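Visitor: All chains should be modelled from the sequences, with the hints used to inform the complete structure.
Heads up: the sequence lines are chains A and B, in that order.
Note that the first sequence ends on residue 351 in the working numbering; no numbers are left out.
Note that the second sequence ends on residue 179 in the working numbering; no numbers are left out.
Calculated from the structure, these hints are not laboratory results.
Any given hint could be a false lead.
What the hints assert, rightly or not - A partial selection of chain A residues facing chain B, derived with a Cβ cut-off under 8 Å:
(1) Met175
(2) Glu177
(3) Leu222
A quick note: this is a predicted structure, and the numbers were derived from the prediction, not measured.
The C-beta atom is built at its ideal place from N, Cα and C for all residues, glycine as well.
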Amino acid sequence: MAKTLMKGNEALAETALRVGCRFFCGYPITPQSEIMEYLSWRMAEVGGEFVQTESELSAINMLMGAAAVGARAFTSSSGPGFSLMQEGISYIVAADLPLVVVNVMREGSGLGNIGASQGDYWQMTRGGGHGDYRTIVLAPAGVQETSNLMAESFDLAEKYRHPVLICSDAAVGQMVEPVTLPELREHDINKYDWALRGCKPGDEIRTIQNVYFLDEDYENHLRQKYADIEANEQRWESIEIADAELVLVSYGISSRFCKEAVRNARSAGFKLGLIRLITLWPFPVKAFAEVSPSTKAFLSVEMSTLGQLVDDIRLATGCAHPVDHYGSMMALPETKGIIGKAQAVLKKVSG
Amino acid sequence: MAKTDIICAGFGGQGVLVAGLILATAAMDEDKHILWYPSYGVEMRGGTANCNVKISDEEIASPFATELDILFAMNEASINKFEGRLLPNAYLFYNSSVVAPDRQFRPDVKAVGVPANEIAGELGNPKGANIVMLGALAKTTGLFGLDYLKRTVDAYFENKGKHNPKNAPCFDRGAAYVS
Numbered sequence: 001m002a003k004t005l006m007k008g009n010e011a012l013a014e015t016a017l018r019v020g021c022r023f024f025c026g027y028p029i030t031p032q033s034e035i036m037e038y039l040s041w042r043m044a045e046v047g048g049e050f051v052q053t054e055s056e057l058s059a060i061n062m063l064m065g066a067a068a069v070g071a072r073a074f075t076s077s078s079g080p081g082f083s084l085m086q087e088g089i090s091y092i093v094a095a096d097l098p099l100v101v102v103n104v105m106r107e108g109s110g111l112g113n114i115g116a117s118q119g120d121y122w123q124m125t126r127g128g129g130h131g132d133y134r135t136i137v138l139a140p141a142g143v144q145e146t147s148n149l150m151a152e153s154f155d156l157a158e159k160y161r162h163p164v165l166i167c168s169d170a171a172v173g174q175m176v177e178p179v180t181l182p183e184l185r186e187h188d189i190n191k192y193d194w195a196l197r198g199c200k201p202g203d204e205i206r207t208i209q210n211v212y213f214l215d216e217d218y219e220n221h222l223r224q225k226y227a228d229i230e231a232n233e234q235r236w237e238s239i240e241i242a243d244a245e246l247v248l249v250s251y252g253i254s255s256r257f258c259k260e261a262v263r264n265a266r267s268a269g270f271k272l273g274l275i276r277l278i279t280l281w282p283f284p285v286k287a288f289a290e291v292s293p294s295t296k297a298f299l300s301v302e303m304s305t306l307g308q309l310v311d312d313i314r315l316a317t318g319c320a321h322p323v324d325h326y327g328s329m330m331a332l333p334e335t336k337g338i339i340g341k342a343q344a345v346l347k348k349v350s351g
Numbered sequence: 001m002a003k004t005d006i007i008c009a010g011f012g013g014q015g016v017l018v019a020g021l022i023l024a025t026a027a028m029d030e031d032k033h034i035l036w037y038p039s040y041g042v043e044m045r046g047g048t049a050n051c052n053v054k055i056s057d058e059e060i061a062s063p064f065a066t067e068l069d070i071l072f073a074m075n076e077a078s079i080n081k082f083e084g085r086l087l088p089n090a091y092l093f094y095n096s097s098v099v100a101p102d103r104q105f106r107p108d109v110k111a112v113g114v115p116a117n118e119i120a121g122e123l124g125n126p127k128g129a130n131i132v133m134l135g136a137l138a139k140t141t142g143l144f145g146l147d148y149l150k151r152t153v154d155a156y157f158e159n160k161g162k163h164n165p166k167n168a169p170c171f172d173r174g175a176a177y178v179s
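Guide: Pasting the structure below:
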């Protein structure tokens, strides 16, 4: 298919349909509203169901029903609305159900504001709801990657019977870039033997529970599932790390500025590198095994005041290097600022 | 690195977002890296609208255009807001139909006034003032070939099922005005 110009949010919505998603429910909130707006007319064209629910609580629980019958289904929200969905996500994990939840991040805790930000990393990678769980989290940095990851998200969800979260942000959601979309296809809701069906007397009875912990071997099942995801699903992009003095670690909108920072710094003789996270969980620990002995420090670059990646970088590097943070929850990073901070960190380390 | 950063700005309804999308489409078809980003925030009806269009041979980092090569201003408020972001020797295209005749511009930029409202009105296509401006932009900057950008304009509206035969004359008159 030819390239076309699309907004990140609309490319995400269209891609979901093209890989067989035929059920969406959700509640509007900026900056994800284009997803709903788009699906409100487009879903009917492919024979699917679009429901604007009365709340985010309703949306996430309705979605659980769609997933339980084997449909490809997703919902989307942002910050405050995404928080409201956490109880439902916890139940969906407990029921081993595959579905996709999109969070187009906005700024701040509480109501916050509609601008781009990256403050939901901890919430999205640590579970977010109650109980002992994590979810797969995919973080696109542009429109083509939004489409690619949305397409893959349903496969991953079904592979592990587990929710997958898409971690977008207001900037990636609103930007328009060229994108090549996948071909339209249908998903067979009878593909999986666990999906619920009505049954006649005598037929096999299928059940989906939200309590499996009485089952023998439940904990081994859980341990194995998470271990498999961590072993198989780490995704990242490494740029110029072979001889880097300092390695930037970033994702989403911030990582675009990091790429430019690496280019500009290297043309001035300063050896910067970048590990761009594509999966936030599983955290791409494997990427850090490839870092060179010449690397003296790491710098997290994210739209966060507190530096939410910092601890995960320390863990991934066995606390072997200093890790600093550059970024604001309210402003996009600046390429010059990234390079300046990297130089200051190196000076401190060597000095 | 070859790059062109543009802001298209004006009142809501003057077609500035569409003008930006047409430029982005033309650049996409030439296999450039491009990024279009709308003004985003609390906007009111009748208020100002703008979009950032970035065209580059390399990957584009920021969605925002801060060092402009071209400002495409459909009203005076847009000049006030964005003139300061122009690089030296950059182009400032403005709709002279709605800008004070004694308006002063930065001496280090190339200001090009086009009476876009009058021309579009004369041609019976009052909503085509943005297309008049695109014609002037293409002719002056050479960013895109005249015929190529004119075809892109028509293709853009045809794709939306809104072909308007009066757009091409608007484009031509915009180009002729600056010749």
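Visitor: A separate judgement is required for each hint: does it hold in the structure or not?
Guide: Going through the hints against the structure:
| no. | hint | in the structure |
| --- | --- | --- |
| 1 | Met175 | holds (5 Å) |
| 2 | Glu177 | holds (6 Å) |
| 3 | Leu222 | violated (40 Å) |
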